[in-house]
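**Student:** Each chain, letter by letter, is given below.
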Amino acid sequence: MKKLINNPELVVDEMLEGFVKAHSQYVRQLPENKRSIVINRETRPGKVGVVIGGGSGHKPAFIGYIGEGLADGVPVGNIFASPPPDPILEVTKAVDKGTGVIYLYGNYAGDCMNFDMAAELAELENIRVETVRVTDDVASAPNSEIEKRRGIAGGFFVYKAAGAAAAMGHSLDEVVRLAKKANDNTRTMGVALTPCSIPQTRKPSFELGENEMEIGLGVHGEPGVERGELKPADEVADRLLNTILADMPLEKGDRVAVLVNGLGSTPYLELYIMFRRVSQVLAEKGIEIYRSYVGEYVTSLEMGGCSITLMKLDEELAQLVDYPADCPMFVQK
Amino acid sequence: MKKLINNPELVVDEMLEGFVKAHSQYVRQLPENKRSIVINRETRPGKVGVVIGGGSGHKPAFIGYIGEGLADGVPVGNIFASPPPDPILEVTKAVDKGTGVIYLYGNYAGDCMNFDMAAELAELENIRVETVRVTDDVASAPNSEIEKRRGIAGGFFVYKAAGAAAAMGHSLDEVVRLAKKANDNTRTMGVALTPCSIPQTRKPSFELGENEMEIGLGVHGEPGVERGELKPADEVADRLLNTILADMPLEKGDRVAVLVNGLGSTPYLELYIMFRRVSQVLAEKGIEIYRSYVGEYVTSLEMGGCSITLMKLDEELAQLVDYPADCPMFVQK
Amino acid sequence: MLIKADSFKQALKDIANKIEVEKEYLSELDRAIGDGDHGVTMSIGWKAVVEKLNTDLKEEEDCGEICKVVAKTFLNAVGSSVGPLYATAFLRGSKVLQGKTELNDEDLYKFWISAGKGIQERGKAEVGDKTMWDTISPAVQALEQSYEQGEDFLTGFRKAVASGEEGMKSTKDMISKKGRSSRLGERSLGNQDPGATSAYFILSAFLQYLENTQLKHNV
Amino acid sequence: MLIKADSFKQALKDIANKIEVEKEYLSELDRAIGDGDHGVTMSIGWKAVVEKLNTDLKEEEDCGEICKVVAKTFLNAVGSSVGPLYATAFLRGSKVLQGKTELNDEDLYKFWISAGKGIQERGKAEVGDKTMWDTISPAVQALEQSYEQGEDFLTGFRKAVASGEEGMKSTKDMISKKGRSSRLGERSLGNQDPGATSAYFILSAFLQYLENTQLKHNV
Ligand SMILES: Nc1ncnc2c1ncn2[C@@H]1O[C@H](COP(=O)(O)OP(=O)(O)O)[C@@H](O)[C@H]1O
Ligand SMILES: Nc1ncnc2c1ncn2[C@@H]1O[C@H](COP(=O)(O)OP(=O)(O)O)[C@@H](O)[C@H]1O
Ligand SMILES: [Mg+2]
Ligand SMILES: [Mg+2]
Ligand SMILES: [Mg+2]
Ligand SMILES: [Mg+2]
Chain A
1 MKKLINNPEL VVDEMLEGFV KAHSQYVRQL PENKRSIVIN RETRPGKVGV
51 VIGGGSGHKP AFIGYIGEGL ADGVPVGNIF ASPPPDPILE VTKAVDKGTG
101 VIYLYGNYAG DCMNFDMAAE LAELENIRVE TVRVTDDVAS APNSEIEKRR
151 GIAGGFFVYK AAGAAAAMGH SLDEVVRLAK KANDNTRTMG VALTPCSIPQ
201 TRKPSFELGE NEMEIGLGVH GEPGVERGEL KPADEVADRL LNTILADMPL
251 EKGDRVAVLV NGLGSTPYLE LYIMFRRVSQ VLAEKGIEIY RSYVGEYVTS
301 LEMGGCSITL MKLDEELAQL VDYPADCPMF VQK
Chain B
1 MKKLINNPEL VVDEMLEGFV KAHSQYVRQL PENKRSIVIN RETRPGKVGV
51 VIGGGSGHKP AFIGYIGEGL ADGVPVGNIF ASPPPDPILE VTKAVDKGTG
101 VIYLYGNYAG DCMNFDMAAE LAELENIRVE TVRVTDDVAS APNSEIEKRR
151 GIAGGFFVYK AAGAAAAMGH SLDEVVRLAK KANDNTRTMG VALTPCSIPQ
201 TRKPSFELGE NEMEIGLGVH GEPGVERGEL KPADEVADRL LNTILADMPL
251 EKGDRVAVLV NGLGSTPYLE LYIMFRRVSQ VLAEKGIEIY RSYVGEYVTS
301 LEMGGCSITL MKLDEELAQL VDYPADCPMF VQK
Chain C
1 MLIKADSFKQ ALKDIANKIE VEKEYLSELD RAIGDGDHGV TMSIGWKAVV
51 EKLNTDLKEE EDCGEICKVV AKTFLNAVGS SVGPLYATAF LRGSKVLQGK
101 TELNDEDLYK FWISAGKGIQ ERGKAEVGDK TMWDTISPAV QALEQSYEQG
151 EDFLTGFRKA VASGEEGMKS TKDMISKKGR SSRLGERSLG NQDPGATSAY
201 FILSAFLQYL ENTQLKHNV
Chain D
1 MLIKADSFKQ ALKDIANKIE VEKEYLSELD RAIGDGDHGV TMSIGWKAVV
51 EKLNTDLKEE EDCGEICKVV AKTFLNAVGS SVGPLYATAF LRGSKVLQGK
101 TELNDEDLYK FWISAGKGIQ ERGKAEVGDK TMWDTISPAV QALEQSYEQG
151 EDFLTGFRKA VASGEEGMKS TKDMISKKGR SSRLGERSLG NQDPGATSAY
201 FILSAFLQYL ENTQLKHNV
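Here the protein sequences line up with chains A, B, C and D, keeping their order. For the first sequence, counting from 1, position 36 maps to 36 in our numbering; every step adds exactly one. For the second sequence, counting from 1, position 180 maps to 180 in our numbering; every step adds exactly one. For the third sequence, counting from 1, position 165 maps to 165 in our numbering; every step adds exactly one. For the fourth sequence, counting from 1, position 2 maps to 2 in our numbering; every step adds exactly one.
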């Protein structure tokens with residue numbers, strides 16, 4: 001697959017160079033580790049530090065979400081690979097204001113091991129670190145093993161909730177509670193139509209027939225739970241929604257935030273057609289859409305397809321969703 | 001090529017339904033014509049109406065840019081096809097506050113004819129309409145026939161300038177002057193790596209070899225000015241930039257706004273690698289990047305590739321670039 | 001030759017059929033030098049026209065009125081480049097047919113000449129720009145010549161279609177100067193213009209209709 | 001058998017070479033059930049190790065120190081799942097080699113047994129989860145057995161590699177329970193685990209190095 005890149009081994013570092021140049025009013029690279037990106041603005045004294053992160057190739061996640069009302073820092077990994085402990089630790093030290101730091105990332109073996117190692121090292125430096133792992137992907141494990149689930153697009157809601165809570169001045173314990181609540185109330189399911197490819201191999205992450213789709217795929221091109229014939233958008237939306245609603249039943253009168261997330265190459269046109277169906281189905285069930293997000297929030301390079309995320313809201317979560325944010329790749333007034 | 005759609009003939013209307021549902025706090029559909037989308041907020045009395053538009057398939061352009069500090073309304077065409085006069089006229093009537101309306105759109109035969117017809121009809125209803133056509137695409141005609149050039153991604157700067165000027169309270173004449181100035185100071189050149197396809201045919205808009213790129217392509221998949229071997233990102237960026245700089249010479253000390261625009265399926269990773277080179281080259285020449293935009297601003301469905309836009313700034317244009325905007329698909333604080 | 005409103009409407013439906021059959025081919029031509037939608041656009045427009053003919057215009061006998069509604073219907077269904085061009089053509093044509101419920105040779109000559117010229121008035125294309133005007137201009141010229149020479153309409157229209165076909169084919173060797181394909185310069189060489197091609201299909205489908213009716217009358 | 005620091009470093013470089021040669025194959029295996037980067041990740045990690053061996057570690061004679069630096073280098077070059085796993089392995093290994101500039105059979109046995117167990121301590125995988133542990137666990141077991149029976153290290157390590165190979169192959173028929181591929185459930189059947197495969201390449205490349213030196217000594 002074709003790429004507009006130079007040396008495949010340098011893509012992440014060159015991308016970061018461009019990113020920091022483009023958004024120097026928002027972010028800066030730590031001199032200690034160029035894979036450590038932190039906010040370039042004064043945040044309130046004593047604010048809990050919010051660190052999100054993971055592999056590269058998911059932009060706007062993660063560096064695009066550094067900013068007021070969202071994350072304070074991001075350690076950056078190679079393509080689809082957790083960052084090692086060093087940049088995580090450097091970010092942690094840079095964003096800690098004495099009130100502790102929360103780590104938020106998708107529940108993948110690599111991320112868990114690296115962030116845990118970093119947390120141990122941070123504690124040696126007397127920084128309190130708490131972790132909330134995002135587990136929104138209903139396709140990645142059954143409800144009975146919910147703690148094994150992976151984090152995909154719904155992570156956006158969890159990062160946003162924690163970022164807002166920290167910006168509001170909540171304590172680390174409270175930020176952790178709210179991030180967990182956001183995660184517990186969030187479910188995502190995705191579908192892929194076309195593969196992505198990592199720059200070094202340029203090989204498609206999977207092969208799909210001209211008339212096939214892959215349901216429940218991972219956000220790194222990991223194969224999904226089922227391969228089937230490509231269906232009309234409404235049927236696909238129903239399929240994804242039904243799985244989510246079976247996993248997290250909603251009642252008439254419930255309020256949700258909705259995210260229809262493009263995986264990289266799916267035109268906005270198609271995302272809005274998917275959203276249309278989501279809004280129809282929820283309306284039929286008497287579920288209120290409190291806020292909608294349609295676009296690219298967590299991508300997989302140039303993968304084609306999308307995911308649907310619902311976050312069930314109570315008063316508290318609704319307030320966090322509404323809280324403004326000002327980041328290089330996401331601004332909410 | 002695969003699509004997440006239902007009936008190909010209904011894509012635009014279903015997309016609009018989803019869009020208006022998702023962003024009802026920003027936009028509404030006119031009862032007179034469902035292809036007429038206008039702002040759903042109170043704007044200042046006597047504000048000049050800003051109407052932008054064109055075919056569908058370019059999201060965020062055009063409906064994504066309806067909002068405070070940007071456009072007041074958008075007539076929506078079929079995929080890659082100018083809207084007819086009717087929805088243009090309805091939008092015009094809805095957004096006019098007695099101080100006139102400016103039409104801004106890419107300089108294509110279809111758009112020119114349809115918007116001109118609408119302008120005639122609007123004048124019959126005593127609405128003063130002025131038009132500024134975007135002609136930023138350096139690849140589409142030589143400098144000697146600059147008025148024949150097409151409008152591509154740089155239109156974003158023109159829309160933003162006009163939208164800001166109108167929001168600031170300028171008169172129609174002044175908004176027109178500033179929009180023209182923005183257009184005169186804006187140059188774009190693009191490159192495509194992979195084609196898009198319109199929903200009804202699903203046929204690739206062009207065929208490119210596994211190692212080829214198309215330089216200077218149009219934003220509707222129209223073939224470009226030259227086909228060549230795919231080069232490393234830095235060389236591609238140099239090629240695009242050199243063409244722009246030959247056309248609009250810049251001097252040491254000049255200030256520019258930069259837009260690196262993805263055409264639909266190019267990962268942000270690659271856009272930032274392109275931006276990195278742009279910033280290097282401009283730094284070498286002593287040209288200051290005043291503001292940067294990197295992302296998808298004007299797309300061509302799922303086309304792969306990107307464009308580089310420079311807008312040369314003076315005090316006045318810099319102020320317009322800085323002006324905040326709050327739209328469904330673009331927020332600037 | 002005398003054509004009633006119903007036949008006129010049927011002729012328009014036959015044009016729509018022809019466009020539907022050639023839809024893929026027209027988009028194919030547009031993919032080579034434009035944005036690939038010409039067949040789609042023409043099909044949307046003509047389908048909308050047929051829909052109108054079968055509903056609002058079902059009882060309409062005034063050919064001028066029919067043309068006016070066809071013009072607006074086509075325009076509002078497609079926008080695009082061809083919307084204003086064909087809408088203008090039908091509006092110009094509607095003027096000469098105002099109040100007529102059946103059309104004689106004179107009416108048909110005037111209709112097609114006015115309609116054809118409307119294309120040029122709206123689009124301002126010159127012969128050689130590689131547009132539909134390269135089909136329509138020679139067809140209009142042939143019609144004017146036949147009309148002056150007092151030839152019957154069918155004879156004249158046969159010549160118009162033949163001239164239009166020549167014109168259409170000539171676009172293959174032209175460098176585009178109007179529309180999307182003009183950005184291509186030399187690279188547009190060797191490709192027949194999609195708009196010139198569909199214009200020819202419109203003319204030839206109308207002729208086909210006349211020939212068929214003529215045949216029936218002769219039987 | 002006695003291995004000097006220089007030879008130990010050469011053995012690590014041979015491992016890096018093997019990984020480089022098998023890079024495509026490893027990514028291929030990962031594409032089938034993971035995210036397709038395993039070859040890339042291992043290559044980045046081992047390249048960084050070689051770079052370090054040729055620079056900062058060029059004069060280093062303490063094998064414990066070498067292992068410690070290798071661990072950190074590999075970890076910080078790749079992160080990922082394998083970074084912490086192999087980093088932990090080399091850190092555990094470094095402890096038993098601390099201060100040693102040449103390694104005898106006893107050292108080598110202890111090094112590999114500790115390193116291997118480090119993988120399990122970090123990753124908490126069980127045999128049958130379809131991970132690199134399915135290669136490493138039987139290899140470690142074989143080493144422990146040979147060590148207890150007083151076999152020389154080369155003999156013991158030959159058995160370890162053979163057991164590791166069996167273990168690697170057995171992952172083909174397992175349903176994944178750890179790492180990315182665990183989402184696949186039944187669909188992971190039939191595909192050999194990439195991490196199990198690269199772990200085997202590491203073991204077999206080290207054996208190859210020993211065999212080659214042995215050969216030279218015999219000459
Ligand atoms: N100014 C013009 N005058 C006459 N015909 C034109 C003009 N501009 C474009 N055309 C015709 O329109 C055709 C393209 O139509 P279509 O593909 O439907 O519209 P669009 O270019 O908006 O996609 C061209 O092949 C050409 O024949
Ligand atoms: N907890 C674990 N214990 C042991 N090995 C593991 C564990 N998790 C993953 N692995 C190994 O890691 C391999 C994948 O490595 P790699 O592709 O480099 O990392 P990632 O999964 O982060 O892309 C798997 O094939 C598996 O053998
Ligand atoms: Mg990975
Ligand atoms: Mg078009
Ligand atoms: Mg076209
Ligand atoms: Mg992997």
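Among these hints, one or two may not hold up.
If the Cβ cut is set under 8 Å, some of the chain D residues that face chain A in the computed set are [claimed, not checked]: (1) 33; (2) 75; (3) 80; (4) 83; (5) 117; (6) 120; (7) 180.
Hints listed in this document are in silico derivations from the structure and should not be mistaken for laboratory results. C-beta atoms are modelled at their ideal positions from N, C-alpha and C, and glycine is treated no differently.
**Student:** What are the numbers of the hints that this structure violates, sorted from low to high?
**Tutor:** Checked against the structure, the hints that fail are numbers 5 and 6, while the rest are satisfied.
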